[in-house]
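**Q** Each chain, written out:
There are 2 protein chains.
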Amino acid sequence: MIPIVSIVGWSNSGKTTLIEKLIAELTIRGYRIATIKHNRHGFEIDHEGKDSWRHKQAGAVTTVVASPRKVAVIEDVESDYGIEELASRYIRDADIVLAEGFKENPFPKIEVYRTELKRERLTGQEDNLIALAVDSTISCPEGVLCFDRNDVSGIADRVGELFLSGRN
Amino acid sequence: MIPIVSIVGWSNSGKTTLIEKLIAELTIRGYRIATIKHNRHGFEIDHEGKDSWRHKQAGAVTTVVASPRKVAVIEDVESDYGIEELASRYIRDADIVLAEGFKENPFPKIEVYRTELKRERLTGQEDNLIALAVDSTISCPEGVLCFDRNDVSGIADRVGELFLSGRN
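Top line first, the protein sequences correspond to chains U and P.
Letter 166 of the first sequence, counting from 1, is numbered 166 in my numbering, and no numbers are missing.
Letter 93 of the second sequence, counting from 1, is numbered 93 in my numbering, and no numbers are missing.
Please note that the accuracy of each hint is not assured.
Identical chains blur together in the list; that is why a pair holds if it fits in one copy or across any two.
[Unchecked claim] Here are the simulated DSSO-like cross-link-like pairs (lysine-lysine), alpha carbons at most 27 Å apart as the crow flies: (1) Lys-103 with Lys-118; (2) Lys-103 with Lys-50; (3) Lys-70 with Lys-118; (4) Lys-103 with Lys-70; (5) Lys-21 with Lys-118; (6) Lys-21 with Lys-103.
The hints are simulated quantities; they were obtained by calculation from the structure and are not laboratory data.
Model the full structure from these sequences, guided by the hints.
**A** Following this line, the structure appears as structure tokens:
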């Protein structure tokens, strides 16, 4: 079972930016990172007019695009899978999974918090929070490990010590 | 094992158009169609700036985009898989696989032939040809079943009788 960390935060809190930096930092450290992005409202991914796009538009339930170094798969599904099911169905070879866009889930979490949004925190201690990435010197809640959101090295250390020891 | 049919032909012979029509026709008949498109020179599939694109760009080896009705996966691979390996790795629930863009392969084939390209045929009888889709009344080679390329119903009948009996 590949370890899973869920990155949570309000819209515009900076989740994707943090994930980008974490992917790059952990990749430099030698780990293989997989990501899962959830879009409640659906998504478009292919380019209109491409052969694969035409296949899917014509009604194919699954379309695979293959090349010597990269493969893409687009498939219809019958339910809105959770993180665990997505990971077990689609991820076969990674050291850790970073997930974004899932509201309720039992996995360890990093919350990204931007003070200027003036909103409540999304997580409490019962939410399995492993790090709070903040944009200013808010007073760090008791029992929570706070990081400056730009301290990617520190956040990567935290993820590494919890989930990646012995993996590379 | 899901049956596989390989659609072959020179560039601009009309392969994708035929596949589109076949997907639509077979889907109307109640079958679940999967497709595999091979691009020797690689491909771009996601949209610049989207979260999933940013994940992959940052170095993720696998990126999954999930929604209630559709899932997409983009992953790095270490070799240029053949049709059979791609089908077994990525296609789990379909009645038939239509493959495009693979040169050498042992699977039953439909060749799409456009007279005006003035080229030789791509396949011979040893190539497991099940249908030749042509654009004019060329004289049909002995031992080959020829169809007008617009006779999608006839080509779908041929595919159905060979591979889909009892599947819906």
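**Q** So which hints don't hold here, by number, going up?
**A** 3
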